[in-house]
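Novice: Whatever position you read off the sequence shown (first residue = 1), add 3 for this note's numbering.
Honestly, the hints are just simulated from the structure, not real lab data. Cβ coordinates follow ideal geometry from the N, Cα and C atoms, glycine included. Watch out, some of these pointers could steer you wrong.
What the hints assert, rightly or not - 20 Å max Cα-Cα, derived PhoX-like pairs, lysine-lysine: (1) Lys358 with Lys287; (2) Lys265 with Lys471; (3) Lys399 with Lys265; (4) Lys399 with Lys358; (5) Lys399 with Lys471; (6) Lys517 with Lys399; (7) Lys420 with Lys517; (8) Lys287 with Lys399.
Said to hold, decoys possible - Quick list of simulated restraints, FRET-style, between CB atoms: (9) Gln243 with Thr370: 45 to 55 Å; (10) Phe76 with Ser303: 22 to 32 Å; (11) Glu340 with Ala391: 14 to 24 Å; (12) Ala391 with Phe76: 54 to 64 Å; (13) Leu130 with Gly429: 11 to 21 Å; (14) Glu496 with Arg299: 47 to 57 Å; (15) Ser443 with Arg374: 15 to 25 Å; (16) Ala75 with Val305: 12 to 22 Å.
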Amino acid sequence: MAAISPRWEGILGIEEAQMLQAAMSEAHLVLHGPPDFPIDAEILGVCGVSAENADQNKYGWIVADFLHWKTAFHATWLSSLDISEFLAGIDGVDVVSDGIIHKVLGDNNQDISSIPDNNNGFEAEFLKRLTTTLVVLIFAPITPEQDICVDLGNQSRTYLTIDRLRQTIQDAVGNAQLAVTLVTPSPFTGGWACRPSILGPLGCPNLQNMMRLIAKSCGGAFATRFIQSFTERSTPFMTQDQRANVKYDDPMPLRPTELQVKSLHQFQRQIHESLEHHFSVFAKDHAFILQPDAARDPASFVDSWTEYAPRQGYRLETWARRWAKPRAAIDYANRFEFFGEAFGGTQESQFFHLKYLAAIELDTCPTDWNRHVSGATAELFTGFLERAMPGEYDVKRVFDAIEFRASSNILAQVLAKVFNLPLPDGVMCRYWHDTPDGVSDEHYRRLQDGFGMTNGLFEQAAVLPSEKTHEIKSVKYLRSARWLAAATAWRFENGSREDVEHFMTINVARFMDKIRDTQQTLLLEDRALQRKGLNWIAALGLGGEVKSSTLRPP
4 MAAISPRWEG ILGIEEAQML QAAMSEAHLV LHGPPDFPID AEILGVCGVS
54 AENADQNKYG WIVADFLHWK TAFHATWLSS LDISEFLAGI DGVDVVSDGI
104 IHKVLGDNNQ DISSIPDNNN GFEAEFLKRL TTTLVVLIFA PITPEQDICV
154 DLGNQSRTYL TIDRLRQTIQ DAVGNAQLAV TLVTPSPFTG GWACRPSILG
204 PLGCPNLQNM MRLIAKSCGG AFATRFIQSF TERSTPFMTQ DQRANVKYDD
254 PMPLRPTELQ VKSLHQFQRQ IHESLEHHFS VFAKDHAFIL QPDAARDPAS
304 FVDSWTEYAP RQGYRLETWA RRWAKPRAAI DYANRFEFFG EAFGGTQESQ
354 FFHLKYLAAI ELDTCPTDWN RHVSGATAEL FTGFLERAMP GEYDVKRVFD
404 AIEFRASSNI LAQVLAKVFN LPLPDGVMCR YWHDTPDGVS DEHYRRLQDG
454 FGMTNGLFEQ AAVLPSEKTH EIKSVKYLRS ARWLAAATAW RFENGSREDV
504 EHFMTINVAR FMDKIRDTQQ TLLLEDRALQ RKGLNWIAAL GLGGEVKSST
554 LRPP
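Build out the structure end to end from the sequences listed, making use of the hints.
Specialist: Shown next, in the form of structure tokens:
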């Protein structure tokens with residue numbers, strides 16, 4: 004067997020740059036303002052919400068986003084929903100005399116072109132307009148990995164993947180160097196998810212920034228490990244003197260006080276939420292936040308685009324002056340505080356969004372649901388869809404499960420892109436049919452061998468602070484590990500088990516370590532997490548003091 008040298012060494016160089024650039028196709032930003040694009044950019048905005056789901060307590064907030072963005076940009080605007088009819092049906096809206104409504108609809112209601120609300124018609128009309136587009140704004144339901152969900156109503160949906168969108172644009176223009184930016188609703192936070200360059204050259208000049216964006220996009224895939232390591236004796240939130248006062252790996256006393264338990268649970272939950280929210284400080288906000296005065300905490304204001312690259316077009320200050328409106332805070336009393344004002348800001352709209360994501364899980368991931376491989380996941384999702392209105396505890400459990408599955412998928416896809424692995428059956432993780440049909444016994448044996456290795460690299464789903472992991476009742480997710488094993492089996496189609504083992508332990512495991520290390524750095528920089536962690540240490544009464552500026556990995 005030929006020796007396989009490690010491709011990932013964490014050293015700057017051409018190869019590392021190529022690997023990170025490939026992985027960046029899976030990374031996204033959480034924006035609360037416009038992306039950066041040339042002043043003369045071609046923009047295409049599309050509303051893809053069905054009439055039955057455009058209600059205020061469903062996906063009306065996505066339609067509102069479409070109208071909100073339309074007032075800010077000159078673009079080509081398409082909709083499968085009759086916007087004029089939609090606005091006329093809202094109490095208090097005067098579609099005849101209201102100047103803002105006229106600005107939205109245009110003279111003779113000509114500003115928004117209709118596109119069919121059936122699968123083939125929607126895609127055909129949408130895709131044929133992409134020949135010169137530089138920025139694509141999609142206002143439609145999306146999958147947890149940001150694929151476009153063409154919402155046809157009557158619980159019918161089809162999926163337009165980002166890879167298909169990328170290939171369609173490239174085929175249409177014959178120019179792989181055309182830079183195309185994609186903006187959609189954000190599935191797990193307020194604001195909008197943005198892929199800065201689904202086609203064309205990357206604008207991100209810094210390898211460290213690339214690594215941070217990739218790590219952020221992997222969300223809660225490693226949440227279980229961080230929740231454990233940050234609350235053990237080796238936690239970076241303790242000083243050496245404090246650590247000397249702790250005898251066991253678990254710093255909690257045998258009979259903890261109510262304050263100690265509460266502070267621990269808040270710390271554990273914050274670890275999980277920071278990862279799930281991709282470290283967005285505005286995760287619970289849903290608005291343009293273009294200047295410090297518009298943020299709930301001005302000290303936390305940040306232009307998240309600059310994590311990717313400096314703005315070359317209009318600066319954020321220019322957008323703030325052009326918008327010239329104060330931030331409208333959405334503070335409905337009847338909402339899940341866990342979500343804040345995201346997803347419409349009401350319990351009904353937030354519940355609908357989460358049910359929609361759960362339905363996508365059950366509608367995709369073929370071959371998963373007829374096997375006993377997902378623990379209590381199918382029962383959790385189907386039971387949730389049947390509920391009239393859940394409590395916040397149940398909402399968190401379902402949200403955590405969906406986010407973990409999506410983050411594990413993204414992690415697997417990042418690894419496949421980094422090491423240029425062939426996609427099993429030519430599809431991404433969510434859509435793969437995990438079956439031995441159509442492959443040789445030898446290939447399936449390599450897949451099974453690889454799965455024995457990849458399964459140990461992926462984490463189990465984190466549970467809520469008051470829960471314990473249960474072999475049967477907890478959420479399980481094996482698809483991402485199996486998909487990566489299948490991709491590796493195709494890569495080493497003529498290789499041996501030893502080839503696969505070396506590749507996994509030398510290449511894949513090391514890159515996963517790099518992602519984890521970067522996530523740990525991001526967690527230690529997180530102000531909300533710093534407060535919760537130091538509060539827990541203070542509640543333990545170990546003496547001394549740790550300042551957030553001194554926090555370092557152990």
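Novice: Looking back at the hints listed earlier, which ones does the structure fail to meet?
Specialist: 6 and 12
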